[in-house]
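Residue 1 is where the sequence shown starts when you use the numbering used here, and the numbers rise one by one after that.
None of these hints come from the bench; they were simulated from the model.
Some clues are possibly wrong.
[As the list claims (entries may be wrong)] Cβ pair distances, simulated, as ranges:
no., residue 1, residue 2, range
1, Asn73, Ile8, 21 to 31 Å
2, Val25, Pro48, 22 to 32 Å
3, Gly67, Tyr5, 17 to 27 Å
4, Asp34, Gly61, 42 to 52 Å
5, Gly69, Lys29, 32 to 42 Å
By construction, the Cβ of each residue, glycine as well, lies at the ideal position given by its N, Cα and C atoms.
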Amino acid sequence: MDEEYDVIVLGTGLTECILSGIMSVNGKKVLHMDRNPYYGGESSSITPLEELYKRFELPDGPPESMGRGRDWNCLFPSPYSPYMATIV
Numbered sequence: 001m002d003e004e005y006d007v008i009v010l011g012t013g014l015t016e017c018i019l020s021g022i023m024s025v026n027g028k029k030v031l032h033m034d035r036n037p038y039y040g041g042e043s044s045s046i047t048p049l050e051e052l053y054k055r056f057e058l059p060d061g062p063p064e065s066m067g068r069g070r071d072w073n074c075l076f077p078s079p080y081s082p083y084m085a086t087i088v
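Put together the whole structure using the sequences plus the hints.
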C-alpha cells in the first residue's frame, strides 16, 4: 500500500463509522478498515447466512432447507442494549 492518508480508522463500530464519515466530508483522505469480514463491531449484522456459520465455526454450513443465504440477515445487538436477553 503506497498511498498516504490523513486519517486511519480501525474498526467499524458506530463510533468509528461516524468519525470516518465526519473526517471524510471535511476533506480528509480516510482509510477505514476492520479485521472482520463484516461491519458493525459489537452491533454487527451478517449476511449471507454462510458467514454466520463461518464466524461461529459451525460445520457443514446452513441446511438447504433454509434457502438462499442472502435471504437471511443476522443481527447481533450491542451488549449495552437495555433489551439484551439470553439468546438461545
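Status of each hint after checking the structure:
no., hint, verdict
1, Asn73 / Ile8: 21 to 31 Å, "holds, 29 Å"
2, Val25 / Pro48: 22 to 32 Å, "holds, 31 Å"
3, Gly67 / Tyr5: 17 to 27 Å, "violated, 41 Å"
4, Asp34 / Gly61: 42 to 52 Å, "violated, 23 Å"
5, Gly69 / Lys29: 32 to 42 Å, "holds, 35 Å"
Hint compliance for this structure: hints 3 and 4 are broken, all remaining hints hold.
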